[in-house]
Amino acid sequence: MPAYWLEATVVILGLILLLMEAFGKSTSRELLRRVAIGGLAFTLVPLYFAVAPSPDNAELSRFYIYDNWAVFFKLLAIVATILVLLMAYDYRRVLNQFTEEPGTDHGTGEFYALPVFACAGMMWMASARDLVSIFVSLELVTITFYILVGYMRRQVGSLEAGVKYLILGALSTGFLVYGMAWIYGVTHTTNLAEISIAIADPDSGIAANPSPLFFGLSLMLLSLAFKIGAVPMHLWIPDVYQGAPTPITAFLSVGSKAAGFIVALRILEPFFASEITRTQTTLIVLIMAGLTLLLGNLAAIAQTNFKRLLAYSSIAHAGFILLAIAAWHPGDAGSLSTHQVVSLYLATYLVITLGAFFVLVVVRNSESTDEISAFDGLGQRNPSLAACATILLSALAGLPLTAGFIGKFFAFQLAISSASANKALWLGVGIGFIGVAASFYYYLKVVRAIYWREPANEEEIPVPQISRIVILSLTALTILFGFWPNPILWVIGG
Amino acid sequence: MTACLVLTPLIGVIAILMGRDPKATARLTTTVMLITGILLAGLWAMGIREGLSMDPIVLNKPEIRLGLGLYDGMSVIMMLLSVTVAFAAARTGSCEKRHEALWNISLLLIAAGAIGAFISTDLFFFYAFHELALIPTFLMIGILGRGERKIIAWKATIYLAFGSIVLLAGLLWLVSSSGTSSLAFEDLLKTSIPSEDQQGIALFLIIGFGTLVSLFPFHSWAAPTYASAPAPISMLHAGVLKKFGLYGLLRLHPLVPEGMSHWLNLVIVLLIGNILWVGLVTINQKRLDLMLGNSSVMHMGYIFLAFAALIEAGSEAENPVAMPAAILLMFAHGVTIAMLLGLTDRIEKKTGTLDLRNLGGLASLTPRLAFLFGLAAMASIGLPGLANFAGEVMVFIAGFKGWQARSGMGSVQIATIIALWGLVISAVYMLRAYRRTFQGPKGSHTTKAEDLSPSERKPAIFLAFVLVIVGIFPNLLLGLLGDSGSESSESRELQPPSKQVLLPDPEPKSQQAILAN
Chain B
1 MPAYWLEATV
11 VILGLILLLM
21 EAFGKSTSRE
31 LLRRVAIGGL
41 AFTLVPLYFA
51 VAPSPDNAEL
61 SRFYIYDNWA
71 VFFKLLAIVA
81 TILVLLMAYD
91 YRRVLNQFTE
101 EPGTDHGTGE
111 FYALPVFACA
121 GMMWMASARD
131 LVSIFVSLEL
141 VTITFYILVG
151 YMRRQVGSLE
161 AGVKYLILGA
171 LSTGFLVYGM
181 AWIYGVTHTT
191 NLAEISIAIA
201 DPDSGIAANP
211 SPLFFGLSLM
221 LLSLAFKIGA
231 VPMHLWIPDV
241 YQGAPTPITA
251 FLSVGSKAAG
261 FIVALRILEP
271 FFASEITRTQ
281 TTLIVLIMAG
291 LTLLLGNLAA
301 IAQTNFKRLL
311 AYSSIAHAGF
321 ILLAIAAWHP
331 GDAGSLSTHQ
341 VVSLYLATYL
351 VITLGAFFVL
361 VVVRNSESTD
371 EISAFDGLGQ
381 RNPSLAACAT
391 ILLSALAGLP
401 LTAGFIGKFF
411 AFQLAISSAS
421 ANKALWLGVG
431 IGFIGVAASF
441 YYYLKVVRAI
451 YWREPANEEE
461 IPVPQISRIV
471 ILSLTALTIL
481 FGFWPNPILW
491 VIGG
Chain Y
1 MTACLVLTPL
11 IGVIAILMGR
21 DPKATARLTT
31 TVMLITGILL
41 AGLWAMGIRE
51 GLSMDPIVLN
61 KPEIRLGLGL
71 YDGMSVIMML
81 LSVTVAFAAA
91 RTGSCEKRHE
101 ALWNISLLLI
111 AAGAIGAFIS
121 TDLFFFYAFH
131 ELALIPTFLM
141 IGILGRGERK
151 IIAWKATIYL
161 AFGSIVLLAG
171 LLWLVSSSGT
181 SSLAFEDLLK
191 TSIPSEDQQG
201 IALFLIIGFG
211 TLVSLFPFHS
221 WAAPTYASAP
231 APISMLHAGV
241 LKKFGLYGLL
251 RLHPLVPEGM
261 SHWLNLVIVL
271 LIGNILWVGL
281 VTINQKRLDL
291 MLGNSSVMHM
301 GYIFLAFAAL
311 IEAGSEAENP
321 VAMPAAILLM
331 FAHGVTIAML
341 LGLTDRIEKK
351 TGTLDLRNLG
361 GLASLTPRLA
371 FLFGLAAMAS
381 IGLPGLANFA
391 GEVMVFIAGF
401 KGWQARSGMG
411 SVQIATIIAL
421 WGLVISAVYM
431 LRAYRRTFQG
441 PKGSHTTKAE
451 DLSPSERKPA
461 IFLAFVLVIV
471 GIFPNLLLGL
481 LGDSGSESSE
491 SRELQPPSKQ
501 VLLPDPEPKS
511 QQAILAN
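Protein chains in written order, with my numbering: chain B, 1 to 494; chain Y, 1 to 517.
In case anyone wonders, no lab produced these hints; they're calculated from the structure.
Note that the structure is a prediction, hence the values are computed from the model and not measured.
For each residue, glycine too, the CB sits at the ideal point set by N, CA and C.
Watch out, some of these pointers could steer you wrong.
Claimed, not checked - Within a straight-line C-alpha distance of at most 20 Å, the following computed PhoX-like cross-link-like pairs (lysine-lysine) qualify:
id : chain 1 : residue 1 : chain 2 : residue 2
1  : Y       : 286       : Y       : 349
2  : Y       : 155       : B       : 445
3  : Y       : 97        : Y       : 23
4  : Y       : 448       : Y       : 350
5  : Y       : 150       : B       : 445
6  : Y       : 349       : Y       : 442
Stated by the list, open to error - DEER-style ranges, computed between Cβ atoms:
id : chain 1 : residue 1 : chain 2 : residue 2 : range
7  : B       : 28        : Y       : 96        : 47 to 53 Å
8  : Y       : 98        : B       : 68        : 48 to 54 Å
9  : Y       : 186       : B       : 466       : 45 to 51 Å
10 : B       : 491       : Y       : 472       : 55 to 61 Å
11 : Y       : 473       : B       : 334       : 42 to 48 Å
Stated by the list, open to error - Below, a sample of chain B positions facing chain Y; criterion: calculated Cβ distance under 8 Å:
id : residue
12 : 167
13 : 170
14 : 401
15 : 429
16 : 484
Please model the entire structure based on the sequences and the hints provided.
What follows is the structure, given as structure tokens:
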């Protein structure tokens, strides 16, 4: 089966869900959710058997690439969407409060259908190899998120987040198209493979005057920074994360970010491969990485709201991944390539971050607030949830023997081993280490609330069945990958 | 089989989480660890090395193995230290019922982390296991600590995290400049590091490991932490976990000898800071727990002195005494400080205070406690017949070893002479503290106190027994270092004469110090 059927399947699934919602007799959202999750889980089977479209189909293979990375990021998108839909179910009480008829689940049908469309977009992003297909798939994801972020329309915070996301999203789309136009103007093509040839040619006009090329690249990176949550397009993150429904926040921070990174890798690859552009590209990415690391980590210190904390943490993690990209390395016998490190980082990040968001949803359900103070005394109110939360938070901080350490370890290893060739990377490494040190503080602040502080009341916090299973398995995976990261490498073909 | 040492405490943790009695589980677990540890050391001594270790690959590229095994004699001795102290720690101290699970889980996790670091045969897990202790320490001090516990918990955590991060940078640089594709010590130690990188790497390692060992001036976290943490935690930290830094420096020294020798004078200045500066600070302490915490920081100076001697010599073959000296003193200090901290906890329990001004005359009320504490205090000063003496003598011999080679005084020799005065300092503070606690007129809090109950005595007696045995037969431990290389065993034969020559040197001073008080 050719791989592009995967995206088609997911889009059809989304359409089916919409039709069920519109014409189905049952008003229960339970069935919608089950079909959505079941359908996505089923897609994993063809993902295993899918093959790249035949090269004879020149028109398609111009736009569509199916390699290890594509498979891996499609897998990431599907898994993230499934977990987000599971989370959405346990979040329904909060969601129902702020939609059409408060207290009922009328008008929440699309909440289960739209993530499926976003998933299709992310899967397509993983395979896009032409500026045009990159643009289209990116917009599919972004437009879906415009709706999802502002979904709780009776809550001011959610609406504010929706507007902010819309305005900045539109702005970043503008940058993207403008940047693409410049690149097209310089290289006369929108295909990444051809761009790669064009900019590697030492005799072309590009080598003589690369400024227009870098102008275009910078504009495109600016727009991608919006997707991955990096400086200078990070301003929306804390407010939108805080206002959006928590499952959507998780989706933004995991799925949307991962898809943004695969696109960034695809776009940057030709620029790093070419001798002409490598130095400047490294510098641009390094500056982004350094600022992102500094801002994300330092601003997180002062946060008192757990969702905002996770928002800044998501910026900080983007910084670590950017550091690995700045230290571009094609990989050799002894070390991982940048692609592998980024994939490894994102896979571990998905497991840990979604775990943390699940914990947040559980606490939010019983405490009605996202503040860190809601975690006060969790160690006494629900010891096992507290233990899982502690492990997940330590993993976010990058404590060894958890999955979080693996990603950081290799990001830094890559940066340090490339630093001998490019001394500027030492600066990035230094900032990165400051960031890690700061992150210990702000993640431990939550651990402190869990164990040191006295609880506001003694009632046990109930954990719904689905959340219990998912939190336990994500925590277990966090520890397992900390000891044994090899399974992730098997998928990405280490 | 070595992996059991790490698996056992982890199984213990799971058992406690599943609802087994925390205290009993922790005791059983540490007993099993102690027996396994002694068994393994016995097998090692008999020369049975096969089939004890495991090293499954957990990552292909670069090759990382979950290598757990006995890498060399140093690993064996540090492992023995860990199981010994863990055994005693699990039997020391008590807390409220509702904190018991957390207390014992933390204890087991810290023990597992320390042992894991010592028996890892792969750089990745060597580093990773050490960090296992971070969160339990943070929680235990924050919830159950003494005094300004929250501030101290943050301080210790931030210092330890800072040290670990600097260390990580050094290790990553080391790995990338060695060009190795495998992080196993076996492969890593075969590589050579370009000399232009060695200097930087060595500095990172000295600062990183140094912070973890409380090397001056990164030491200010240590004393308050040991004083504040619940007894078993501070026993494990001061006794075992801290030695990780020294163990790491000794382990990785062969990779960066040139880089290290560039920083020799820096290390010497810092270690003198540990011995003299912290020594004088220790004399001025008004609380028994802070005094012990500072004394533990001070004693690290001696072990660094042995390390400095190793740096000066350049390799183990050039100065065969330095390495065993450092290792023996690490072991002895670990056991001693654990015993002292454990007993101090009991003193607080019985009298309600650790302020030296309120104590006094305890010996007549609690003769057993006084005897055991006195024994440990004497060991800490370096009384012959106890383990520390053998270690300290060897350190001073190692310090002077370079004198023969260069036929003249070098900075290490000068440092050794200065360090000898540290013995006087430690005699002053230890004996003063002992006198103020156990002798003289009764203090405001010591009008009535019960002596140690049999169950409270056991851990201290166990540790005292270890101190005496190792003190009388240091070769029981040093023999484990044994055949690490043929050339070092040859030079070992040359060792006794020099020992005799130098032996009188440190001893009269310590005795003078005792007399002076």
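Hints versus structure:
1. With a C-alpha separation of about 18 Å, the suggested pairing of residue 286 of chain Y with residue 349 of chain Y holds against the 20 Å cut-off.
2. Pair hint residue 155 of chain Y plus residue 445 of chain B holds up; C-alpha atoms about 13 Å apart against a cutoff of 20 Å.
3. At most 20 Å may separate the alpha-carbon atoms for a hinted pair to count; residue 97 of chain Y and residue 23 of chain Y meet this at roughly 10 Å.
4. Between residue 448 of chain Y and residue 350 of chain Y the alpha-carbon distance is near 9 Å, which keeps this suggested pair within the 20 Å criterion.
5. A C-alpha spacing of about 12 Å is found between residue 150 of chain Y and residue 445 of chain B, which places the hinted pair at or below 20 Å, so the restraint holds.
6. This hinted pair checks out: residue 349 of chain Y and residue 442 of chain Y have alpha carbons roughly 17 Å apart, not beyond 20 Å.
7. Take residue 28 of chain B and residue 96 of chain Y: their Cβ atoms lie about 48 Å apart, and the range 47 to 53 Å holds.
8. For the pair residue 98 of chain Y and residue 68 of chain B, the supplied restraint of 48 to 54 Å holds, since their beta-carbon distance comes to about 51 Å.
9. Checked against the hint of 45 to 51 Å, the pair residue 186 of chain Y and residue 466 of chain B passes, with Cβ atoms roughly 46 Å apart.
10. Between residue 491 of chain B and residue 472 of chain Y, the C-beta spacing of about 59 Å keeps the proposed range 55 to 61 Å intact.
11. Between residue 473 of chain Y and residue 334 of chain B the C-beta distance comes to about 46 Å, which sits within the given range of 42 to 48 Å.
12. Checking residue 167 of chain B against chain Y: minimum C-beta separation of about 39 Å lies over 8 Å; hint violated.
13. With a least beta-carbon distance of about 40 Å to chain Y, the hint placing residue 170 of chain B at the interface is violated under the 8 Å criterion.
14. The criterion of a C-beta within 8 Å of any C-beta in chain Y is met by residue 401 of chain B, whose closest approach is roughly 5 Å, and the hint holds.
15. The restraint placing residue 429 of chain B at the interface with chain Y holds, with a minimum CB-CB distance near 7 Å, inside the 8 Å limit.
16. Of the supplied interface hints, the one on residue 484 of chain B holds, with its beta-carbon coming within about 5 Å of a beta-carbon of chain Y, less than 8 Å.
Hint compliance for this structure: hints 12 and 13 are not met, and every other hint is.
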